[in-house]
Each structure stands twice: as structure tokens, then as C-alpha cells.
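A.B. asks: Please construct the entire structure, taking both the sequences and the accompanying hints into account.
Residue-level listing of the chains:
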Amino acid sequence: MMDIFIFDGRRIEFRPGQSVGAALVNVGMRSWRRTRLTGRPRGIFCGIGVCFDCLVEIDGTPNQRACLIPARAGMVVRRQEGDGHGHLTV
Amino acid sequence: MATSRYDVAVIGAGPGGLAGAAAAVRAGASVALIDSASQPGGQYWRHPSGDYAAVADLHQGTAAYRSLVRRAAPAAWFLQHQVWTIEREKNSFVVRAMADGVEVEIAAAALVLAPGAFDRQVPFPGWDLPGVYTAGGAQALLKGHQVLAGRRIAVGGTGPFLLPVAAGLSARGAEVVGVFEANSPRRWVRQARSVLPVVGKLAEGAGYAATLLRHRVPYRVRHAVVAAHGTDSLAAVTVARLDAHWRVIAGSERVIDCDAIAVGWGFTPQLELPLALGCETRADVDGSLVVCVDDLQQSSVESVYVAGEACGVGGAQLAVLEGSIAGRAAAGDAARAISSRQRRRRRALRAFAAVMHEVHSLRDGWQSWLSDDTVVCRCEEVPAREIRAAVGELGALDARSAKRFTRAGMGWCQGRVCGHSTGRIAATAAGRSFDPLGLAGPSIASPVPLGLLARAQAAHHLTTER
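Chains as they are written, first to last, in my numbering: chain A, 61 to 150; chain B, -15 to 450.
Hints in this document: simulated from the structure, not taken from any laboratory. Honestly, I wouldn't trust all of these hints.
[Stated by the list, open to error] Chain B regions said to be covered by chain A (calculated; three or more residues, Cβ under 8 Å):
#1 28 to 34
#2 391 to 402
[Unchecked claim] Residues of chain A placed beyond 10 Å of chain B at every Cβ, according to the derived structure:
#3 D63
#4 I64
#5 D68
#6 G69
#7 R70
#8 R71
#9 E73
#10 G77
#11 G107
#12 G134
#13 M135
#14 V136
#15 R139
#16 E141
#17 G142
#18 H145
No residue lacks a Cβ here, since even glycine has one placed at the ideal position from N, Cα and C.
C.D. replies: Now the structure itself:
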């Protein structure tokens, strides 16, 4: 029995202990962010928390490193666009 | 609120840190062992949380790992604690770490820093496409999460680390289309005098080579992945033969379909914490900035001991040895911290590492693979053209001024990924030799919320006003 989190409305199965990023790669996703200047797609690169390419919004908090955050059942994960400051817009 | 003071705080629970904690415990000290991961082992013995057995076949030195964990067990373990800085007070240190959004302060009389290293990268056209992974990243997905980075994978770069990465991926069912080693490892043979005293290191390599042979993975020397292709993710790579300076030999280019690549060009030690403490540094033979340590692994800052890659990239066996020495010395048992046997072994392993760095050194020809538009700084999206222009038109003469003009190295990763290559490109454009000392990195080891800094500042004012 696999646990599940939600990524942009899609159900993502994961093994306990897997990171959010590893779970996404495991189901064939390669990218979940676009850069703020040129809109280039990004996903995991360094995989160990060094490069910050894999930033993602988790439970409403942007700029989380998907490669480091352990996946938890029921998490709501969203693709991150631009600088990740959208939640600060007034 | 700080914890009660420990005799020794060990930061990093990889090979060096585990050995440091085990040795300090044995010397009778009260020990705190701190790591950002949820399990010990570091990058070298990385495994799924609580399930080393699932990936034991991908690891070397499992018996040593289990023994170190057992011997370090009496320490107070602070896992999932990301240290962001360390402050020095009168007679002690305060280690400041984040755990699940909350700050924890751990006080200690002495420190053993074993922060490890991450893959060194050189840019190439398309290297920011999803599907391009660092060698360590592909390895972390595999060993830490049991996930394959792709189905058809090319492995490239330089150094002995490419072998376990390719072997692991093959063993778990990926089709490894080739290992592309930019140098010529035949040069190892000429260095037999340095290699023979630590011949066990070669056996390790031979084991991986056998795995690659079994899976019919081609191993190409003087070859490199010089471009990655695809629109929204990787679809193919260009592989080419290189001359001795790493320029592409015309006509040797070949396009290979693949959905992932794993690239690594040696390692960069993580120096944020030693730098924050003011430890003296030097340039190692591979051009990396490393910490200067004495015979007992003590840095220029009293009571700060450093072990493993931060003293010069040399692998897990050397890290364990240095950690044992550092842990014992940090616990106050300086008289018995090091034996002549350990001293000899450390010298032999360092000599081996020096040969490794010489054989697998970077040649500047990689810069000719870059087009003007190739992104060098991934965070700030700075192309090669802008770095070269900063030198040619704006008069930047080193990495530091190139960074100020272009923002290369000012983004999220603080130049950890691009700092080295930005420095090399700027040096070439300026016609100067590359100076690793110009790359001193960030002094905060991981991003922290602004509110935390504000609170820390307020607390500091209270203390000083009192």
C-alpha cells in the first residue's frame, strides 16, 4: 500500500522515506518549475539540496527543495512559476 | 535556547562525522552528532530512511558503516537538523540549526566539522534541461530513494566516482549507454608508487568495472558529453572525442538518444561552516578551496577540528581516518589521538588522492564547448557571453568582479554550482591564471527565514545590553 500526495491535482504515489522530488521523478515527471527570467523548465539537478533547481510549493509554502523534503501523505504540492513570491503579491 | 553544553559537537554524519563521533564517545566525551538528513551515512553511505539493507549491495564498506553507527550510538543524535551557522562565544560554540522550521541551538566546547562535498560541475550547452543530473544526484535518487533517474542514461565527466554511479544504475535495471571519461586513466599506471600502498582502493574500482562489463556498458576515455538536446526535457546528447586539452576532435561527434545523463567533474568541498568560523583555507591540488589542518586535524581556529573532504577531497576511507583522529583530539585526548600507523595511512591515502586529482584534473578546453548562449549560472540565468563581456568590456579580472557585474553566483545556490566555472571562464577571458581563493563562498550554510535572523538579532541585543 503506497501513500499518496497531490501534485497539481494529480495523485502521486510514494514510498515512505522518499522525497517529494524523488517521488515525482519516479512517476516520470522531469520538471515542476519555470525560471523567472526565461521561463526555462527545471526539476532535480543536484539531488542533495545544493543547487535549488527543484524548488516547489508545498502546502502553500513556496521555494521548498523537492529533493530534500520527505513526501508525506496528503501533502498538496504545486508547480512553481517565476520567483516563488506570488504569495506575497498584494 | 541552547542545549546544555556538550564536550564535542560533530557536524555531518557521513563517514568522517560518524568516525569523529565514535572516537569522541570512546574518549569519554559527551557528544552531539548533527546532520540534515533523516539517517546517518552522508552521501557515501546514503540509503532510504531506516532501510540500509535495501541498497546494501550498492555500497562499499557496509561492515565499517554498521560498526561506526554502533559506536557513535551513545552520542546525542540530532538528525534532520540543518546547521545554518555556528557562533563562537567565550569558551564554547553555539551551533544553530533548523529542525522542521524551528531553530535549535546546540552548545559545545569543541567542534568536529565533517561537511563533505558535492559534485563539481562544468557547464555545456543544454545542461540545464530537466533530465540532466549531477552524478551525485542520480546516485542519491538511486541509493536514497530507490528511483532511477531515467531508463537510458549516459554517465560522463571525470573521476573514479563515475564507475559506482554507472554500476549502480546498471545493477538496478537502467540501460547505461556509456561512461564517458574525459581523461585517460592509463596515467594511473605511471603513479604505481603512490597507488600500491593503498591497493585496496583499486579493488573497489575493479568491482565496479566488472559490473559494467557484465552489463556491457561501454567505457570511453578521452570522451565527453559536450551538449544536451531536447525542448522541455532531455532527449539526446552529443558525445565527442577530446584532445589532451579537452577540445572536441572535429568529426568525432555522435548523437546518442537518452532520457537522462549523470555528470560529475570531481567534487567541491562544503566550506560554509569552516569559513563562517574563520578557519584558514588553501587551494588543494584539484583547485578546490580546502581547510588547513594540523597533525591532529585541528584548523587554525582553536578547538575546531575538520575531517574528510573539507580538508581535501580524498574519499571515504580517508574521511573515516581523519574523523577518528579529529574526534579523539576534540575530546581532549590529544596525547593518544593519533598513532604512527594512522599517520602513515593518512599520508598514503593523501598521496593516492593527489594522484587521483592529477589524473582526473580539469583541462580548460571544456570552455570551447560553450556557445555564447550557454547558461553558466543556472540560478540567475547568466549566459557565457555575459561573463566574457564582463571581462572584455567591463574590465572584470576575476570571479569576484565578474560576479558583481553579471550576478553569476548571486542566486539561490550562492555560486556553489557555477562559482568554479565562472572563475575559470573569467580567468581565461582575462588571460590570467585561475585563483581558487577568489571563490570563498557563502557564510550562511542554508537559507533561513528572515524572521529567524530578526529574532536572533533581538536576542543578541538583549544579551549584550545585559
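A.B. asks: Of all the hints numbered above, which does this structure not satisfy? Sort the numbers upward.
C.D. replies: 10 and 11
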